[in-house]
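*Asks:* Can you build the whole structure from these sequences, using the hints too?
From first to last, the protein sequence lines stand for chains B and G.
With the working numbering, letter number 181 in the first sequence gets 181, and the count goes up by one each step, no holes.
With the working numbering, letter number 56 in the second sequence gets 561, and the count goes up by one each step, no holes.
Keep in mind that the hints were calculated from the coordinates and are not lab data.
Be careful, since some hints might not be right.
In the EDC-like style, the derived pairs of lysine to aspartate or glutamate whose C-alpha atoms are separated by at most 20 Å in a straight line are [what the hints assert, rightly or not]:
1. K150(B) to E181(B)
2. K150(B) to E90(B)
3. K309(B) to E555(G)
4. K150(B) to D95(B)
5. K341(B) to E724(G)
6. K309(B) to E271(B)
Quick caveat, the model's predicted, so the values are computed rather than measured.
So you can see what is in the structure, the chains are spelled out below.
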Amino acid sequence: MSDSEVVLQLNGVVKTFPGVRALDGVELEVRRGEVHCLLGQNGAGKSTLIKVLAGVHHADEGSLSWLGEPFAPATPQAAMRAGIATIYQELDLVDDLSVAENAFLGHEESRAGFLRRRSTSGRTREILARLGHPQIPPRRLVRSLPAAGKQIVSMARALSHDARLIVMDEPSAVLAHDEVENLFRIIHELTAQGIAVIYISHRLEEIREIGDRVTVLKDGRTTAANLSARDTPTRELVSRMTGRSIEYVFPPRVGRAEGEPLLRVEGLTREGEFADASLTVRAGEIVGIAGLVGSGRSELLETIFGARKADAGTVTVDGHPIRSIGSAVRHGIGMAPEERKSQALLLDEPTYRNMTLSSFSGYARSGFTDTGKERAAAERIADQLELRPRSVERAVRTLSGGNQQKVVVGRWLLDRTRLLLLDEPTRGVDVGARAELYEVIHNLAANGVGVLLVSSEVPEVLGLADRVLVMREGHLIHEAPAEEIDEATVLDLVMSGALMEGEAA
Amino acid sequence: MTQQTLTKVPGPAPKQRWWKGDGAEPVRRNLGLVGVLVVLIIIGAVTRPELYGDASWVTGNTWTILQQASAIGVVTVGMTFVIIGGGIDLSVGAIIAVAGVWSTTLATQSYGTAGMIFTAIVVGVVVGLINGVLISYGKLVPFIATLAMMVAARGLAAQISGKQTQVSADSTINGIASTKILGVPMLVIILALVVAAGWVLLNRTTFGRRTVAIGGNVEAARLAGINVRLHTVLLYALSGLCCGIAAIMLTSQATSAQAAMANLYELDAIAAAIIGGTLLSGGRGTIVGALFGVLVFSTITNLFAINNLSTEVQNMVKGGIIVAAVLVQQFRYRSLTQLLKR
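*Replies:* Here's what the structure looks like:
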């Protein structure tokens with residue numbers, strides 16, 4: 001396979017959005033009939049990259065060539081016609097149309113405006129047979145199919161376009177174990193027919209099983225290209241993903257938290273997300289949770305905050321039970337959620353109003369807001385956090401990712417929060433602002449605020465936290481003081497769960 | 506860096522000039538609507554110069570326009586809050602009908618003026634609360650919940666009134682519409698008070714801040730500890746309260762109430778709020794803009810009336826103005842976001 005022809009070649013592809021350089025020099029080479037895996041953390045640029053290939057986004061710089069020709073699909077239709085089909089994670093099928101209608105959606109077979117239903121069904125049946133699923137009736141409504149069946153319809157759609165390259169975005173995420181085996185069989189059949197597959201997954205074991213070569217993305221850049229999917233050591237893949245490209249500059253840790261736990265979580269469970277999670281955070285202590293996306297860490301944080309209802313277990317702060325966001329905020333818990341823009345900010349409102357979003361009632365007198373006091377308080381925080389630009393009047397939309405994050409953290413500083421939950425605090429934040437945020441977090445702890453931090457960047461967890469918890473597939477599988485655990489150990493635990501499965505946290 | 510020279514403890518925020526603060530912002534934002542109003546008045550003056558030559562007629566006609574805008578204006582204030590908060594209330598016309606009819610039954614009238622006003626307002630608030638509870642706690646889409654309420658409340662109004670027009674025998678209620686204070690009609694004063702209260706509520710109180718936060722980003726509001734469900738209930742109750750007030754105003758104007766009163770008020774109120782710059786998706790809007798929206802509509806109605814033109818043409822023009830205003834709004838929003846991208 002190694003000498004087969006190159007069908008897709010990307011060189012130095014750059015794509016910027018306002019404030020973000022989503023792709024910053026991507027190199028990618030895909031050959032005919034291979035399964036090429038794309039590996040990278042969330043936010044590494046995988047989604048943007050496949051949208052460029054699918055004609056949804058257009059590259060700002062760099063070159064794409066497809067079958068030896070320069071390639072710049074203007075629309076998704078153009079990409080389809082050129083032979084590149086994309087199967088998104090959220091399958092884009094119409095539930096109330098039949099299998100055949102979905103397969104040929106957008107390029108229906110017709111004569112004089114009338115659908116040729118019989119020949120469409122026939123062709124769909126052929127394609128389904130090619131996919132090894134002749135038993136799926138073309139006239140069946142897609143709604144009635146299980147997730148695995150829907151995925152096969154998505155693939156049938158790709159083949160109905162005579163796709164020469166199929167991009168699959170985490171296709172296994174919605175599948176059960178035996179269905180994944182079936183997916184792999186289909187992929188093998190496709191590649192045997194000369195079709196190339198770009199396969200995206202977080203699961204290393206899958207990449208080892210199905211992949212031929214691996215390209216690793218980190219911060220929109222290719223950090224390793226064309227590694228062997230089978231033989232490259234896990235450690236190398238992981239280090240390319242988490243990367244040394246970013247300098248982690250951690251301020252020295254001062255003081256050590258002692259005394260009774262401020263936050264006590266016992267046996268917290270949510271079906272299908274995480275189970276029997278127990279942990280404590282002391283005042284002035286930073287506790288970090290390391291884990292992959294999908295390990296249940298964000299869900300755990302949101303449940304502690306009362307934003308999700310627990311199926312079992314308790315959360316208490318100073319002995320007060322926390323059951324809702326209202327009680328969480330009242331007892332001094334604040335949260336900076338994972339998705340800043342959609343979960344935390346009013347993008348068109350001025351900075352100071354975003355900072356006082358949880359506390360503006362406190363500045364009000366008998367229901368009347370006092371924007372003067374709010375501004376002054378926000379100015380104080382802006383100084384403390386070195387917000388840039390310093391103006392608290394600007395719409396938050398205009399700030400950089402790092403400064404938006406400062407606004408969210410600042411909100412809870414204003415609210416005299418005693419315990420701060422941080423979910424991926426440095427995602428989408430540039431290097432300089434990261435260092436500043438680290439310092440902010442340390443200062444918080446030095447002032448007696450307890451911090452519970454979740455990050456997929458292991459060095460960040462190790463560098464910031466006093467105590468590290470490792471989460472894998474919904475379980476806290478390991479706990480250690482930060483100075484007694486190293487990155488390699490954490491990575492092994494995170495990726496394979498190997499060391500001491502079942503050891504109580 | 507100049508930031509280094511800034512003191513760490515800033516003094517109180519600098520006093521803002523009123524035309525630079527958020528007080529004048531709605532006026533600047535609504536310059537387009539003010540322009541439309543001026544154009545409409547010029548059209549009136551050109552088509553009926555003999556009327557506009559008479560200063561006392563112009564004054565009287567202006568009061569007429571404002572009086573016609575009064576009840577729908579009050580409803581639009583409530584509607585604006587609901588829309589800014591991310592919802593919609595299709596039931597306002599029907600709520601007015603129930604409140605109007607209930608407050609003019611013989612039984613209610615026997616309790617006198619205060620009893621009638623109390624009834625109209627309580628009925629309005631309670632129906633609004635039901636809307637809010639269905640939406641917040643029943644998790645119904647606002648469109649569906651209030652659509653159902655629109656149908657049901659009209660039915661209830663017809664049931665209560667036995668499909669009869671109920672004449673108000675209360676001279677105080679009936680007198681509201683004809684009373685003037687210092688030359689200003691009472692109905693216009695009520696509108697002014699409601700608009701002023703609405704403006705303060707939206708721009709100066711925690712209630713207003715919560716409304717904007719919920720409409721702008723409901724998840725962010727929730728995670729900031731705002732009680733989104735309770736506030737949503739209150740928003741619909743506020744809309745119901747405005748309907749109760751409007752019911753009394755309309756009853757006074759007609760000296761009667763009936764199940765078909767305030768027909769299609771929901772559409773006028775939504776249209777006025779939207780052309781006044783309120784974002785249908787929530788999070789942004791102004792009371793002053795909504796007032797201008799109402800005034801544009803009642804000025805058009807007046808323009809057609811003084812020219813003896815049919816209401817059919819009038820409705821076509823209204824439709825055109827709604828489309829044009831929203832197109833202008835979108836254009837402005839787009840150019841704004843493009844500016845931000847640079």
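*Asks:* Hints first: check each against the structure and report whether it holds.
*Replies:* Evaluation of the provided hints:
no. : hint               : verdict
1   : K150(B) to E181(B) : 16 Å, holds
2   : K150(B) to E90(B)  : 10 Å, holds
3   : K309(B) to E555(G) : 71 Å, violated
4   : K150(B) to D95(B)  : 9 Å, holds
5   : K341(B) to E724(G) : 10 Å, holds
6   : K309(B) to E271(B) : 11 Å, holds
The structure is inconsistent with hint 3 alone, although it conforms to all the rest.
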